[in-house]
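These protein sequences, in sequence, are chains A and B. With the numbering used here applied, the first sequence corresponds to residues 4 to 172, in that order. With the numbering used here applied, the second sequence corresponds to residues 4 to 172, in that order.
Honestly, I wouldn't trust all of these hints.
Given that identical chains are not distinguished, each listed pair holds provided it fits within a single copy or across any two copies.
Unchecked claim - Heads up, simulated DSS-like pairs for lysine-lysine below, C-alpha to C-alpha not over 30 Å straight-line:
hint : residue 1 : residue 2
1    : Lys95     : Lys25
2    : Lys104    : Lys87
3    : Lys104    : Lys143
4    : Lys80     : Lys132
Keep in mind the hints are simulated off the structure, nothing from the lab.
Number of protein chains: 2
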Amino acid sequence: MNPGSDFQTSPDAGLFVHTTLKAWEIQVNRMNAFFESMSDDDLMREVAPGRNSGIYLLGHLTAVNDAIMPLLGLGQKLYPHLEKIFISSPDKSGLEFPTAKELRRCWNEVNEGLLEHFVRLEPAEWLAKHAAVSADDFAKEPHRNRLNVVISRTTHMHYHLGQLILLRV
Amino acid sequence: MNPGSDFQTSPDAGLFVHTTLKAWEIQVNRMNAFFESMSDDDLMREVAPGRNSGIYLLGHLTAVNDAIMPLLGLGQKLYPHLEKIFISSPDKSGLEFPTAKELRRCWNEVNEGLLEHFVRLEPAEWLAKHAAVSADDFAKEPHRNRLNVVISRTTHMHYHLGQLILLRV
Chain A
4 MNPGSDFQTS PDAGLFVHTT LKAWEIQVNR MNAFFESMSD DDLMREVAPG
54 RNSGIYLLGH LTAVNDAIMP LLGLGQKLYP HLEKIFISSP DKSGLEFPTA
104 KELRRCWNEV NEGLLEHFVR LEPAEWLAKH AAVSADDFAK EPHRNRLNVV
154 ISRTTHMHYH LGQLILLRV
Chain B
4 MNPGSDFQTS PDAGLFVHTT LKAWEIQVNR MNAFFESMSD DDLMREVAPG
54 RNSGIYLLGH LTAVNDAIMP LLGLGQKLYP HLEKIFISSP DKSGLEFPTA
104 KELRRCWNEV NEGLLEHFVR LEPAEWLAKH AAVSADDFAK EPHRNRLNVV
154 ISRTTHMHYH LGQLILLRV
């Protein structure tokens, strides 16, 4: 299925994209409000006994969102060094973490950069395949497109917000 | 913005809908696999000390998904009595819960019924407003459509799965 160019001018195709991007944007704002409500000390605590710390989840979410850039073919990661610490390694890896202040800055820059790119894509471009799916698989599963990445990373933020909220006493 | 009928025959409009519904379906399957991996006794535990129990979250997710039916104008709730116990009231309300076995059955029936309805809707119908938004607000915020409800309930499941996963020892 080849995304046609005929609906690039259709407001309805744009509305499908807008609906998804709005869900992304609202969720990023919700995460921002949460992180702003937490002190750096709050983030050092674990969400439950023996589980991930707030700061690890902040780093993890930043690294995962940063990886959206190359996945959608929009550019390079801003902070590639976060992957080893916060994706490939678990919380208690012994690796040195950036400070909460530094991670908050990375988090904001990653999401601001993404939104700038997102709003520039045309509807048909959203239906194109992303970098982690082969052409053969994409032909069989056309839902594995760029927009799907935005939906899955929106849900990923919710998944960890459900845990982070447990830091609230 | 009035969803046009001109793209009801366009495979691309259908692909936008398919992408979102696929994310819903994958998440329901993931939740099912999680609940099946948990014994009824497992579900009686709290996800973290003093927090919601697994059985409360199962009831809560069932009641919230059940409410999608009237919200999208697709029909009545299957289990309206769950709202008072699992949405209006917190976990330790003292209200009697259905058994885990009963809630598992409700959960499956609610989601099976929803998917049956979802796949029948045309793309343009997904862009129509849902029942909880006024016509005035919808005119200003056309992203508050039926498809948005599916996205937000998909993320709602992720939010609580992030907590439920803490039941795993």
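Violations among the numbered hints:
1, 3
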